[in-house]
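We have chain A; now place chain B onto it with these hints.
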Amino acid sequence: MTITRYILFPDIWSIMIRHPVQSLYIGCYPMGATTLINVAVSLIHEDYGFGGKPFLYAIWCFWWFDVVISVICCWGLMHIMSVLSASYKPL
Amino acid sequence: MTAVWLLPVVTLIVASSSGGVLALPLQKYSPPHALVTVTVSVFMVTIGLSLALMMLTVYLLRLVVYGLPPGATIISVFLPLGPTGQAGYSILLAGQSFKSLLPLRYGNSDVLTFSSTGDTINIICISLAFVLWSLASMWMIFALLGVQDVLRQTRFPFQVPFWGLIFPNVSNWSTPF
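In order, the protein sequences belong to chains A and B.
Heads up, the first sequence is in the working numbering, so the first residue is 1305 and it goes up one at a time.
Heads up, the second sequence is in the working numbering, so the first residue is 35 and it goes up one at a time.
Read the hints as simulated data drawn from the structure, not as lab findings.
Don't take every hint at face value.
Capping the alpha-carbon separation at 30 Å, the derived lysine-lysine pairs in BS3-like fashion look like this [unchecked claim]: (1) A/K1357 / B/K62; (2) B/K133 / B/K62; (3) A/K1357 / B/K133.
Chain A with its partners taken away, still in its complex shape (with noise of 0.2 Å):
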């Protein structure tokens, strides 16, 4: 549904990622992506003995993708934040 929102209507994602507060949030995505990683490893992998070697490798993978997703987050929302800091009233 987020998507389609965002493919229908995508003049939304620059009015989004400008938004000083609601911004913000889309820190919240790689942080939820952690914790399926987390449940994934010591759960399904360590508690269930599933998947093995390739299953980890996977996520693995999954998790370099989220590091990339928390770098960008930090660092560009950041900048966004000090960039548009003159155009909206703090607190």
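Same frame as chain A, but now just chain B:
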């Protein structure tokens, strides 16, 4: 300024803790991959934690100068527990991974092949994790004080901001256990 500022920064800390979780089973298959994972995790937790501590300083100033957040957004006072507690957990995991990965059996690095490097890093990591857990507990007590203060003045309905309670408290208490 609200505690929501912390969210883009906390992502780095959370991703690093997941790297620590991943590194422990990964070293069964490939120690070099596990070592890269832990090192990237430590890099990320360092950046995330330093930025988060800077923001917590500004947040404390905001609390003192402008007062607590109004109404149900008072729940956001629990957000500072997230970066500190989760960073402690992440550093703890990194220490465990280094302890089992080091010393390396290959390569010609003096530091990585030295016999007590892993144990030393582990002890440093445990101390750091305890410091961060103490910091998180301090923020939790401030948060409880803030919530009781607002609750005595107004009643607010159970609504969306309450999801913010889950992650910080869980991450704080996952460190000691």
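Status of each hint after checking the structure:
Proximity of A/K1357 to B/K62 is assessed by CA-CA distance (about 9 Å); at most 30 Å being required, the pair is judged to hold. For the given pair, B/K133 sits about 14 Å from B/K62 by alpha-carbon distance, which is consistent with the 30 Å threshold. Proposed proximity of A/K1357 and B/K133 is supported: the alpha carbons are some 22 Å apart, at most 30 Å.
Violation of the numbered hints given earlier is absent; every hint is satisfied by the structure.
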